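Those protein sequences? They're chains A and B, same order as listed.
Under numbering that gives the first Met the number 0, the first residue of the first sequence carries the number 0, and numbering increases by one thereafter.
Under numbering that gives the first Met the number 0, the first residue of the second sequence carries the number 0, and numbering increases by one thereafter.
Treat the hints with care, as some may be off.
Stated by the list, open to error - List of simulated lysine-lysine pairs, DSSO-like, C-alpha gap at most 27 Å:
no. : chain 1 : residue 1 : chain 2 : residue 2
1   : A       : Lys106    : A       : Lys117
2   : B       : Lys107    : B       : Lys128
3   : B       : Lys107    : B       : Lys73
4   : A       : Lys53     : B       : Lys25
5   : B       : Lys235    : B       : Lys264
6   : B       : Lys97     : B       : Lys122
7   : B       : Lys25     : B       : Lys203
8   : B       : Lys107    : B       : Lys97
9   : B       : Lys201    : B       : Lys187
10  : A       : Lys60     : B       : Lys25
11  : B       : Lys271    : A       : Lys117
12  : B       : Lys113    : B       : Lys131
13  : A       : Lys33     : A       : Lys76
14  : A       : Lys60     : A       : Lys76
15  : B       : Lys97     : B       : Lys113
16  : B       : Lys73     : B       : Lys131
17  : B       : Lys131    : A       : Lys53
18  : B       : Lys214    : A       : Lys60
19  : A       : Lys53     : B       : Lys214
20  : A       : Lys106    : B       : Lys271
21  : B       : Lys235    : B       : Lys245
Bear in mind the hints are in silico, worked out from the structure with no lab data behind them.
Values in this document were obtained by computation on a predicted structure and should not be read as measured data.
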Amino acid sequence: MFSLDLKGGVPLYEQLYSRISELIASGALEEDDKLPAVREVAKDLGINPNTVQKAYRNLEKDKLTYSVPARGSYVAKRAQTINLLRERALHEFNMAVLAAVERGLSKDELHAQINFCKEGM
Amino acid sequence: MIALKNVTKNFDDFIALDNVELEINKGTAFGLLGSNGAGKSTILRLISGIYSPENGSVTVDGTAVYDNPALLEKIFFINDETIQWNNFTLTEMRDYFKTFYDSFSDEKFESLWKVLELPKQKKLSMFSKGMKRQAVVVCALSCRPDYLLLDEAFDGLDPTMRIIVKRMLVDEMLDNNMTTVISSHNLKEIDEFCDTAGLLHKGKVVFNRELDTLKSDIQKIQAAFEGDATVETLTKAGLQLLHHTKSGSVVQFIARGARDEIIGKLNQFTPKFVDVVPLTLEEVFIYEMEVLGYEYAVGIDGLARQSNK
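Given the sequences, and given the hints that come with them, work out the whole structure.
Structural data, given as structure tokens:
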């Protein structure tokens with residue numbers, strides 16, 4: 000269903016949140032698709048249902064999903080997820096640029112690096 | 000809710016629990032950690048009303064458990080011993096528990112033993128160690144307790160059985176808001192299944208936290224600096240170190256605190272690179288125990304390296 004890294008130190012609810020948001024962004028989970036029930040996910044992975052609920056609550060709080068009482072969680076508009084992931088990517092990029100500037104990289108070096116990365120794509 | 004307040008328990012002159020404060024919320028899965036003799040089983044026995052505390056109070060849903068049969072019906076304790084069931088068949092165990100637990104569900108019992116494919120008419124002495132455990136788990140969940148206490152209960156089960164038993168626990172947690180308290184030496188198990196954990200050491204509670212916040216409050220850092228980052232200078236910069244090693248120019252250390260706060264304090268050492276790696280519960284456990292001077296830490300590097308893979 001969802002694969003998680005049970006050995007790593009990243010909290011399981013965060014991993015679950017990322018996995019589901021990636022699946023929504025990639026279109027694997029479509030708008031208005033129902034997310035698997037908390038019970039199914041918890042039993043499949045052998046993890047605490049509260050952990051799954053926490054991930055589901057956070058997804059809903061960030062409006063990536065919406066819930067229908069007594070029915071479950073559903074995928075919200077894909078644009079919402081894409082925007083959020085873009086915002087996060089930009090934030091991470093900004094942090095990386097700041098760190099690079101602090102360590103003395105010049106504007107030209109940064110530009111060259113961006114071009115270098117783009118070529119690799 | 001389970002609440003232990005100022006609980007002290009002695010066995011002759013041995014202090015098993017020393018002024019323990021512990022709260023376990025309804026519907027959670029709580030992991031009890033600690034070395035052998037730390038007091039884990041004593042806590043479980045107090046909660047299940049087997050022992051009475053010398054001092055302090057042990058309450059479940061606001062009422063003292065000791066000598067309280069009505070309350071004990073809501074609690075099921077799975078001991079790490081199964082020897083007392085050797086002369087029983089699974090059917091006989093069922094009948095035995097039915098007399099104690101009004102909430103016993105035959106329907107549940109039938110569905111569970113079928114999943115595990117246990118023989119119903121054979122004496123438990125003929126069962127393997129793992130099967131004995133499964134038999135007790137089947138009975139325990141059939142009693143539909145509000146509180147299930149498992150003393151090293153996963154330890155005798157093979158990986159397939161572990162997941163099957165965990166799935167059974169998930170159902171009970173969701174259907175009946177069951178609270179689970181698990182003591183185990185298997186930290187990975189606790190890490191996966193529990194939302195809160197308490198670490199005991201020599202009868203005292205070292206920490207009692209939600210696992211997610213626990214992990215975000217302790218970091219493993221790998222870094223190289225232009226400045227001199229020794230134990231002394233890092234401590235002077237306000238870092239609370241639990242462990243520090245250096246190989247070549249790369250420094251690796253464990254520090255308490257939030258990620259960004261630690262990174263901020265490292266800036267004065269002009270870092271060439273800083274890598275913050277999240278810790279597994281196993282690592283948190285080992286480093287916390289090292290601070291307490293526990294010998295467990297001898298294997299620290301091996302374990303730390305292993306979990307890096």
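So, going through the hints one by one against the coordinates:
1. A:Lys106 to A:Lys117: 17 Å, holds
2. B:Lys107 to B:Lys128: Holds. Lys107 (chain B) to Lys128 (chain B) sits at ~23 Å (cutoff 27 Å).
3. B:Lys107 to B:Lys73: 16 Å, holds
4. A:Lys53 to B:Lys25: Judged against 27 Å, a Cα distance of about 16 Å means the pair holds.
5. B:Lys235 to B:Lys264: Given pair Lys235 (chain B), Lys264 (chain B) holds - Cα atoms ~10 Å apart, limit 27 Å.
6. B:Lys97 to B:Lys122: Cα-Cα ~18 Å, so holds.
7. B:Lys25 to B:Lys203: 23 Å, holds
8. B:Lys107 to B:Lys97: This hinted pair holds, its Cα atoms lying about 12 Å apart.
9. B:Lys201 to B:Lys187: With a Cα-Cα distance of about 22 Å, the restraint between Lys201 (chain B) and Lys187 (chain B) holds, given a limit of 27 Å.
10. A:Lys60 to B:Lys25: 24 Å, holds
11. B:Lys271 to A:Lys117: OK: Lys271 (chain B) and Lys117 (chain A) at ~25 Å, within 27 Å.
12. B:Lys113 to B:Lys131: Satisfied, since the Cα-Cα distance of roughly 15 Å is no more than 27 Å.
13. A:Lys33 to A:Lys76: Holds, because 13 Å separates the two Cα atoms, which is no more than 27 Å.
14. A:Lys60 to A:Lys76: 14 Å, holds
15. B:Lys97 to B:Lys113: Holds - the C-alpha atoms of Lys113 (chain B) and Lys97 (chain B) are around 19 Å apart, at most 27 Å.
16. B:Lys73 to B:Lys131: 23 Å, holds
17. B:Lys131 to A:Lys53: Not satisfied, since the Cα-Cα distance of roughly 35 Å exceeds 27 Å.
18. B:Lys214 to A:Lys60: 23 Å, holds
19. A:Lys53 to B:Lys214: 16 Å, holds
20. A:Lys106 to B:Lys271: 19 Å, holds
21. B:Lys235 to B:Lys245: 18 Å, holds
Of the numbered hints given earlier, the model fails hint 17 alone.
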